[in-house]
Amino acid sequence: MQASRPGKLGALAVVAMLFMASVPRPVAASQPEADPVRCNSVNVVVVARAMQDVESACAGAEKAMRFLGSLGLDVSGEVSIQVLPELPKSMWQSAAGYYIPSERRIVILTYSAFREFETWFEVTIDAALYRSLIAHEVAHLFADDNFWMDAPTLHAHEYIAYVTQLVTMPAELRERVLEAMPGQAYERDAHMNTMVYMLNPMRFGVGVYRHYLERRDGADYIRAVLRGEVLHE
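Heads up: the sequence shown is residues -28 to -1, 1 to 205, going by mature numbering (1 follows the signal peptide of the UniProt record, and there is no 0).
Be careful, since some hints might not be right.
Claimed, not checked - Computed spacing ranges between beta-carbons, pair by pair: (1) Arg199 - Arg38: 18 to 24 Å; (2) Leu171 - Ala85: 23 to 29 Å; (3) Val95 - Lys61: 27 to 33 Å; (4) Ser42 - Asn12: 17 to 23 Å.
Calculated directly from the structure, the hints in this document are not laboratory data.
Keep in mind it's a predicted model, so treat the numbers as computed, not measured.
Cβ coordinates follow ideal geometry from the N, Cα and C atoms, glycine included.
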């Protein structure tokens, strides 16, 4: 689906760009001393000290772009990913990355720094989980490009980002996440709201993935989210 106009973030939706954080929009972090590297197969530029982080960023972004592109989203815009050993002190301690809409830039912790959380989705962090973190933030960027409304809700943004993250995980990792976080798919749109997300972002994420999975029209539902037909209030 090609959006008729680009989405613009409202004040609430800015919070959606923070993965596992509910704080005001952060100040952009300073650039590390590293040269930008352009990924081979996608329009993504990565700045990172470690080549392993560059490769993970490229792989996570490519997975997200392939999935979102298969749904008809425009994923032609350039993505800038900055990988840092720590986030600005203004960030919530549970944050592992965020997206700066005005700069079309994603900031992510290094893999070694991310591993200090030890678990994510209640499973042990590994390289595949790290790549899914990057896919989550890339999904925010392209959702922003493809929303039809000026101020999409926080939970609309997070629905797309979490579905993208879970869909693009390796099957074995996804199964471990679903086993570690048992529960039912959300039955109604009203059950997927900002308050539910804020109470437990990862449980919200697993719940919306189950919702997407149980629908025969999961792809159509995401397109409806982008058009503002569902999850708009």
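For each hint, the structure was consulted:
At about 22 Å, the CB distance of arginine 199 to arginine 38 agrees with the hint of 18 to 24 Å. The supplied range of 23 to 29 Å is met by leucine 171 and alanine 85, whose beta-carbon atoms lie about 26 Å from each other. Distance hint for valine 95 and lysine 61: a CB-CB separation of about 28 Å, consistent with the stated range 27 to 33 Å. Taking the beta carbon of each, serine 42 and asparagine 12 are about 20 Å apart, inside 17 to 23 Å as hinted.
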